[in-house]
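*Asks:* Chains Z and X are the protein sequences, given in the same order.
Here the first sequence stands for residues 4 to 137, where the numbers follow my numbering.
Here the second sequence stands for residues 17 to 312, where the numbers follow my numbering.
In short, the hints are calculated from the structure, not lab data.
We put the beta carbon where it would ideally sit given N, CA and C, even for glycine.
It cannot be assumed that every hint is accurate.
The following residues of chain X were derived to be distant from chain Z, with all beta-carbon distances above 12 Å [what the hints assert, rightly or not]: (1) Arg93; (2) Arg123; (3) Tyr144; (4) Arg156; (5) Ile157.
One-sided excerpt, in silico: chain X residues whose CB lies under 8 Å from chain Z [unchecked claim]: (6) Pro60; (7) Met65; (8) Arg67; (9) Phe149; (10) Tyr231; (11) Glu232; (12) Glu234; (13) Pro235; (14) Ile240; (15) Arg243; (16) Leu244; (17) Gln252; (18) Tyr290.
Okay, derived cross-link-like pairs now, DSBU-like style, lysine-lysine, Cα gap no bigger than 30 Å in a straight line [claimed, not checked]: (19) Z:Lys15 <-> X:Lys41; (20) X:Lys133 <-> X:Lys163; (21) X:Lys133 <-> X:Lys35; (22) X:Lys47 <-> X:Lys163; (23) Z:Lys15 <-> X:Lys163; (24) X:Lys31 <-> X:Lys41; (25) X:Lys130 <-> X:Lys150; (26) X:Lys35 <-> X:Lys47; (27) X:Lys47 <-> Z:Lys15.
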Amino acid sequence: MPIDVEIVSPEKRLLARSVDMVVVPGSEGDLAAMPEHAPMIVMLRGGVVSLHEGSQVTDRFFVAGGFAEITGERCTILADEATPLERLSRADGETRLRDAEAAYDAADKSDITSLEPLLERIQSARAQVEAASV
Amino acid sequence: MPSLKELRARIGSVKSTRKITSAMKMVAASKLRRAQARAEASRPYAEAMQRMLAALARSSAGGPNASRLLAGTGQDRVHLVIPVTSDRGLAGGFNANIGRTTRNLVRRLQGEGKTVKILPVGRKGADYLEREFKGAVIDRIPGSAGKDVAFSAAEELGLRVTAMLERGEFDVATLVFNRFNNVMSQTPVEQQLVPLSLPANDDLPDAATKGGAIYEFEPDEETILARLLPRNLSIQIYSAMLESAAGEQGARMTAMDSATRNAGKAIDRLTLNYNRTRQANITRELIEIISGADAV
Chain Z
4 MPIDVEIVSP EKRLLARSVD MVVVPGSEGD LAAMPEHAPM IVMLRGGVVS
54 LHEGSQVTDR FFVAGGFAEI TGERCTILAD EATPLERLSR ADGETRLRDA
104 EAAYDAADKS DITSLEPLLE RIQSARAQVE AASV
Chain X
17 MPSLKELRAR IGSVKSTRKI TSAMKMVAAS KLRRAQARAE ASRPYAEAMQ
67 RMLAALARSS AGGPNASRLL AGTGQDRVHL VIPVTSDRGL AGGFNANIGR
117 TTRNLVRRLQ GEGKTVKILP VGRKGADYLE REFKGAVIDR IPGSAGKDVA
167 FSAAEELGLR VTAMLERGEF DVATLVFNRF NNVMSQTPVE QQLVPLSLPA
217 NDDLPDAATK GGAIYEFEPD EETILARLLP RNLSIQIYSA MLESAAGEQG
267 ARMTAMDSAT RNAGKAIDRL TLNYNRTRQA NITRELIEII SGADAV
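Here chain X stands alone, though its shape is the one from the complex (with noise of 0.2 Å):
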């Protein structure tokens, strides 16, 4: 049994750790609206860009010198991984959920007798990913360390992708990341970068485009597609950036947010042993005295 002052020590220690949870919780909450707020303000080009895409795929769909990025280099012997994950962590399950995912992906893989280039976004996956696999971890990008993802961060990575791509450092590529569902819910989801896997028309949100608009295109569609493709890769990057950026908070706010409940039952529960023990100590010396007092 515990002494009382033990048990006051550990009531207050709890009682400072469930402090400092609760304050990233909020500290998470108000991240979490920024990141969602960001998340939203990049969906119109996000959506713009992809109704051009779909136009320019119906009307020069395979042509015989499509960009390597839409038709991929015709092989899949090297593949690239870039698993997007945070900075930090005290987020729950947030980073093991896209360790434990790229490294079924990387195993599979390495299986089928492939090659494996792995490009991490953030700090957290990278450290993983290092120990996991020796060798295979080309570069490690840093992550926003919890700030605003910005666009050139995206776009920088879009450009490395591109080059590596018209160097035939890789085949396909294809990134991981955790899509936001809601607060309390993210999935890590695999999404082919090269070559691209354009929507579907049926997809496609907008009814103008499901029309069937058949555009005019200035200069020609292959000048267009040209400089829209890398365009698109990085967008697409920037976009998973985002939502696991949204992620991260998340998962932070509802793991701390469980901490804080965790940290108020231990609370209850060690005030509960350490009344009995009080209790418990009174009794006795009184037992002492009156059993003193007969003596006499």
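Bound-form chain Z, shown alone (with noise of 0.2 Å):
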């Protein structure tokens, strides 16, 4: 029995599938969603899903952050992009990577708040290049 994966962006849907189980970066760690899965709202973080078919990876996608929807029948990723890990470019991972740093160096360290998103920038775009360098 197969579930149904969806990858959205606020622009299109980039992928429907049905697959035999997809893992998904979730905030606090790597979850996969088979069929008959509890309903789940995930937050996710920079990271690999992967699609399973039977025991082979088929398909792969960077997604840099993002939410998904799990449940038994399905599982919609809400993400702003998702990137093929063969077209995913280490250096646009770089990139981002010393950006979200120099912003993280150039932040109010004393506000804590403000501090978070600025890490989950850094660690997604760390994820970005590690994913990239596999």
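The task is to assemble the complex, starting from two chains supplied on their own in separate frames and drawing on the hints.
*Replies:* Structure, rendered in structure tokens:
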């Protein structure tokens, strides 16, 4: 029994497929969505979404962050953009990482609430560099 | 009675006007198709977001430290009005309708003694409102200028509105835009952005959520909500911009269609006039010749 995966961005639906399992990078760790999964809403960190069919990984996408809604029948990933791993650019990730680190260095360290998004940006950029280097 | 030469010139000029209006109609029609396709493409994301928000609202309704985006500031003093218009005219009543709706809204709020700030999107609305309400327009956001609406533009505006709310610069935000009903008709609607009005459970299109699936959240509801709400604001602005862009092309298409038809009618009338004048001239000349021949 397959699970329907959808990756959508605000501008368009990037992917809609039926697979056996999908692994999403949750903010507190990766999790696998399979049919009959308990309904769940997860915040995503920057990382790799991988689609599994049988014991094979058929597709891998990098997402910079977003949300996922998982129910027993489907898994909807709300991402700003999803890039197939083979087209992911390491140089782009490094630029993002530099920008994010510069923004973090420039930020006011006493305001903890504003630091959190900046740290997440760094994490997401690092994940992109890492994913692109594999 | 205009001379034949004048009539010929008039017919010529109306004909070239008709060429322009019919070309504009064609362009609007093809842009409309694009705009509609983009509006269609943005729907899955918006729907998923609505589902998630509804689920979150059900499980954490009325938390004490609910975000300002959801609960508002608890006051109702300063209103932010965001009218969405196009950058170009020649679209029938498209921009005028938004102008009128916004004016009525602002007048009503001012009548109730509230401070109103206006943040217009699109040149046409900004021009009109700056004339109408001097000083109330705090800035103007460029529209899409007939090109595709980019999400980044909506997001930028969304972040700006969020930042303004955090600084306490307004209490209630309302979006005024043209809802796209069909090619022929667009209705101006007011949509309250802050505090957010969540859809009632029974209004949701999806049967799965109506069944009342209880979601688990990771991390907790509040963290997700804090992230989701600004996102949702941008999405709402984005879909309003998309509707408005499609509506603009629809309105322009309709306006240019009737302009083309009117030009055709004017040409017919002028041609009839031209032919009558021409025949009258011939008759007159004949009479002159005949009476001249009689006199000889």
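*Asks:* Starting from the hint list further up, note which numbers the structure goes against and sort them upward.
*Replies:* Hints 9, 17, 18 and 21 not satisfied by this model.
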